[in-house]
Amino acid sequence: MFSNRTFNLIVPIFSVLLGFLVGAIVMLAFGYSPIEGYRALWNGAFGNAYYLGETIRQSIPLMLTGLAIAFAFRSGLFNIGAEGQVFVGWLAAVWLGIVVDLPTIIHLPLAILVAGLAGALWALIPGLLKATRGVHEVVVTIMMNYIALHLSNHIIRAYLLESGSRTSRINESASLRTEGLTTLFGGSQIHWGFIIAFIAAIIMWFLLERTTYGYELRAVGYNKHAAHYAGINVKRNIIMAMMISGLFAGLAGAMEGLGTFGSMHTHASFSNLGFDGIAVALLGANTAIGSVISAFLFGALKVGSLSMPPISGVPSELVEIIIAVIIFFVASSYMIRWIVLRFKKEEK
Amino acid sequence: MQIIDLLQSMMPMVLFYSAPLIFTAIGGVFSERSGVVNIGLEGLMVMGAFSGIVFNLTFAEMFGSLTPWLSLLVAGLVSGIFSIMHAVAAVTLRANQVVSGVAINMIALGVGIFLTREWYGSGQTNSIVEPFYTRSVRFLSDIPIIGEMFFSGIYYIAYIAILFSILAWFILYKTPFGLRLRSVGEHPMAADTNGISVTKIRYIAVIISGFLAGLGGATYALTISLNFGGATISGQGFMSLAAVIFGKWHPLGAMGAAIFFGFAQSLSVVGRNFPILADVPNVYLIIAPYVLTILALAGFIGRAEAPKANGEPYIKGSR
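As you go down the protein sequences, you meet chains A and B in turn. Sequential numbering from 338 applies to the first sequence in our numbering. Sequential numbering from 738 applies to the second sequence in our numbering.
Just so you know, the hints here were simulated from the structure itself, not pulled from any lab data. Note that beta-carbon positions come from the ideal geometry of N, C-alpha and C, so glycine has one too. Treat the hints with care, since some could be wrong.
Partial list, computed: chain B residues near chain A (C-beta under 10 Å) [unchecked claim]: (1) Phe796; (2) Ala797; (3) Phe800; (4) Val839; (5) Leu963; (6) Val1017; (7) Val1020.
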C-alpha cells in the first residue's frame, strides 16, 4: 500500500503527465506535431537568458497567489478571491509608489507592506462574514473580485490616469527592477520579487508547521468542531487565516505593480493570477514548497506558450487547456487513487 | 412623470440584459438544488456563446431567419454535453466541486479560443449575419405606457426566458422529479434510502444546468456581442450565480434577481441621460449587484439559506 505522502507525490505527477498527454492529442488532432509544439514551448520558456528571466518573472506572482490559496486551504477555507486581493494590492502599491518620495530602503518595503495590508483588509470582509455569520467564503470572495475589479478601474480613471488607460510610472525608489538584473537576463522584465516570494514561502512553511498558531489553523482546517472543543478560538483563526491569505495575494499585486509593469492599467477582465493560483496551490498539494515548484511550472508553461504560435503554429491557448486538464485531474485525484490501487491489487 | 419616462426607455434594455442571466441562473438553481455547486456556469456560458456563434456563422445561408433559434438549441446541447464533465468530476469522482467548476471555466475558454483561432485565424470570430432582432408585439404594444415598456422593441427571447423560469418553478415544486431533485440536495442519504438514485438525479440536474447556461451564453452572443472572442462572456456566469443566491435558490427568485441585475446594468448604461442619476458615478451602479449579493448572504436582506447538502459529494454508506 502507498502511504499518503507517496500519494501526494503521485497525484500531481500523474496529473501533469496526463495534462501534457491531452495537449499532445489535441495537437495531433489538429494536424500539428506535438514534438515541434513542445519543443517550441520548452525553448520559449528556457531557451536563453531572456526567456528564463521572463519565466521567473511570470512565476513570482503565481507563487504568491498559490501560497495565498494554499494557506487558506490548509485552514479549511477556499479563497477564490485572490484575484480581487491582487488588484487591491496592485493599486495600493502603485499609488504609494507614485505619490510618495522616499529613499529606496524605506520606500520599497513600505510600498510592499501597504500592498500586503490592502490585500489582507480586502480579505477581512469575507473572513469576518464567515466567522461571525457563517456565510460561505466562496461566493463572497467571487463578488469581492468584481467589486475590486470595477473599483480599481474607477479609481485609476478618476484619480491616477496618466495617458490612455494606465497610471503614471512609480518613482524609481519603489521599483523592484534594477539595471543589472535586467541586463543579466537579456533585457527581460525580471525583478527582485522572487526573493520576496521565497521569503513568503518560508514564512508560510514556518508558520504552519513550526508554530502553535499554525497548529491551531490546521486543526481548524481538519475539523472545526473538534478544534472548538479543544479550546481553539475558531472564529479568530478563520479571520486570521483569511487575512494572511489576502496578504500573500496583495503581495502578488505589489509584484506586478512595483516589478513587472511599474504602473497599473485598467482591466477589462481579470488578470487570472488568482485563478491560476488555485491551480498552483492544488498541484502543490497546498504546501509552501509545492506551490513554489508548481508556480514555476505554470510560469514556464505560460511564457513558453507565447513562442508556440510563431514557431510551431499551435495557438497559445493550448496551454490554458493543458493547465485546466491538470487541475481537473488533481481535483479528481480519487480516480488516480482508484487506478493506482487497482494496479496494486492485480500485482498481488 | 419622469420616472415613467425613465422606465419606458429602460424596460426593453433591462429585459435585453437580463435574458441571458435568467437562463443561466435557472440552470444554476437546478444544479445547486440537487447539491452540486456550479461555479462552472461562466464556462458553460462561454461554451454556449461559442457554439451558438459558430453554428450561426456556418449555417446562416442554409437556414436563413431560422438560424438564431437553431443556434440557440445547438448551443444548449453542446453546453449540456460539456457539463457532463463537471458531473463526472463532482458526482462520480467526488472532486472538490468548486475546483472542478474552476477547471470547467478554464477549459471552456481555452477550447473556445483555441478553436476560434483554428477556424477563423484570429482571436475572435466575424460578426454573425443572422442575429436576433427586436420586435414589437402586435396589439399589445398599443396599450399606453405598459405597451411601450414591455411589448415594443423587445427580443422574444426575453419572454422565453421568463416562461422558462415559470416552467422551472413548476418542475421543481409541482412534479415528483422536482421533489426528488430537491430531496437529493437536502439529504441525499434519506433520498437514497427511499430508492432515489442520487447519482442519476445529480447528473440530470448538472446537464440541465449546462443546457440552460448554454442557452444563456448563446442569448448573450446572439443579441449583445454578435461575435465570439475571449472577452465575450466576462462575468455574466458569476453574476448569474449571484442571482441564484440572491434569489434564494428559487427559480422565480433567481429570475427576479436576474432582472434586477439587468436593471442595474442598464442603469449604468442609460443613467447618464436622467438628471436624478447623472451625478451618481457609474461605478456604484456597476458594483451594485455584487454588493447586494454580499448583503443578502450576510443576512441583511433576508437570510439566504443554501440547500443542506450543497457541495458535498454523496458517498454511499457514509453518515
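Evaluation of the provided hints:
no.	hint	verdict
1	Phe796	22 Å, violated
2	Ala797	25 Å, violated
3	Phe800	28 Å, violated
4	Val839	6 Å, holds
5	Leu963	17 Å, violated
6	Val1017	12 Å, violated
7	Val1020	4 Å, holds
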